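There are 2 protein chains.
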Amino acid sequence: MPKAILYTAVTLDGYIADSNGGIDFLDHPLFRLPDEDYGYNRFYEGIDAVIMGHNTFEKIKSFEGSYPYPDKHSVILSSKNTLADGVSEGIEVCNDPAEVALANLTSRFDTVWIVGGGATNAKLHHAGLIDEMILTYIPTTLGAGIPLFRSNETMSNWKNIATKTYPNGLVQMHLAKA
Amino acid sequence: MPKAILYTAVTLDGYIADSNGGIDFLDHPLFRLPDEDYGYNRFYEGIDAVIMGHNTFEKIKSFEGSYPYPDKHSVILSSKNTLADGVSEGIEVCNDPAEVALANLTSRFDTVWIVGGGATNAKLHHAGLIDEMILTYIPTTLGAGIPLFRSNETMSNWKNIATKTYPNGLVQMHLAKA
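From first to last, the protein sequence lines are chains A and B.
First residue of the first sequence? That's 1 in the numbering used here, and the numbers climb one at a time after it.
First residue of the second sequence? That's 1 in the numbering used here, and the numbers climb one at a time after it.
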């Protein structure tokens, strides 16, 4: 049974980035924990494809180093159907609605990582297509920013499969659609 | 040392109520756990006063039964300095800014519960006056609603004192200003 998993860090007040799209808060010295990857490598090994909005793709390209998901099939949602740079083999630009693109992806790949951002998350949340969420809560509050789900007014309930607290106070919840 | 504690339930995506101010999601059958009060009674015994916005006060008054905090000093923030009904002994209506009202309260009482709602929480968050937070995450996402902190663009870091997961999947975090 294919599934789509939203794996993301989130502040205590539900933001995935600050108002400028920045994620500096993820690297605050208070919360550094050397050699801890919060289960990322194991998670990454288990996925077959990634899907993300074009803003998230641009953000990821702005980071140092090469594209971090070269060994997975990537779908970048873009209404323009073009992206300036950085599109290479294995990276598919798709102008379908997010829910169509994801349904298409889960028909071809077993486990899909929903990378973000807020708008893509919201559309997939609204469509009921998020099967699982792995949310890592950073002990930070921002008061404003890009919400986990950009406004979409959809109530969903979740089954909490596991909660893990790290020594630096981060709390990771693994949730499946209830 | 007096302290002000924000004790509230919050959805996974950071909302304390739906877009209409409703909190029905708190009582969803999926998450019912008979005889579990999530530490409420112990918390309540330890506080001396409560502070809340007038919308929250009106909401609480709309619930069945009498005012739930009769044995604590109550401050209701209201720019109008009048409230239609329900103000009785021990309930002080205050038209000071939230941060002034709270500072005044912590000069007279040892432990103050910040009851909410989003606007009051935001002002006190922005003023750096929230000493501790006890946040109970409900395994629900709403996609939209009244955020924990109504937009206030203030980054704060927190020390995670304790995390507790309940059998129904609710996760309570106790946090202190870092």
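Derived from the structure by calculation, the hints contain no laboratory data.
Given the structure is predicted, the values throughout are model-derived calculations rather than measurements.
Don't take each hint at face value.
Claimed, not checked - Pairwise CB distance ranges, derived in the manner of DEER restraints:
#	chain 1	residue 1	chain 2	residue 2	range
1	B	A103	A	Y38	36 to 44 angstroms
2	B	D110	A	P2	53 to 61 angstroms
3	B	K164	A	N41	25 to 33 angstroms
4	B	D96	A	D71	57 to 65 angstroms
5	B	G39	A	E45	35 to 43 angstroms
6	B	G90	A	R42	31 to 39 angstroms
7	B	G90	A	G128	45 to 53 angstroms
All residues carry an ideal CB built from backbone N, CA and C; glycine is no exception.
*Which earlier hints turn out false for this structure, listed by number in ascending order?*
6
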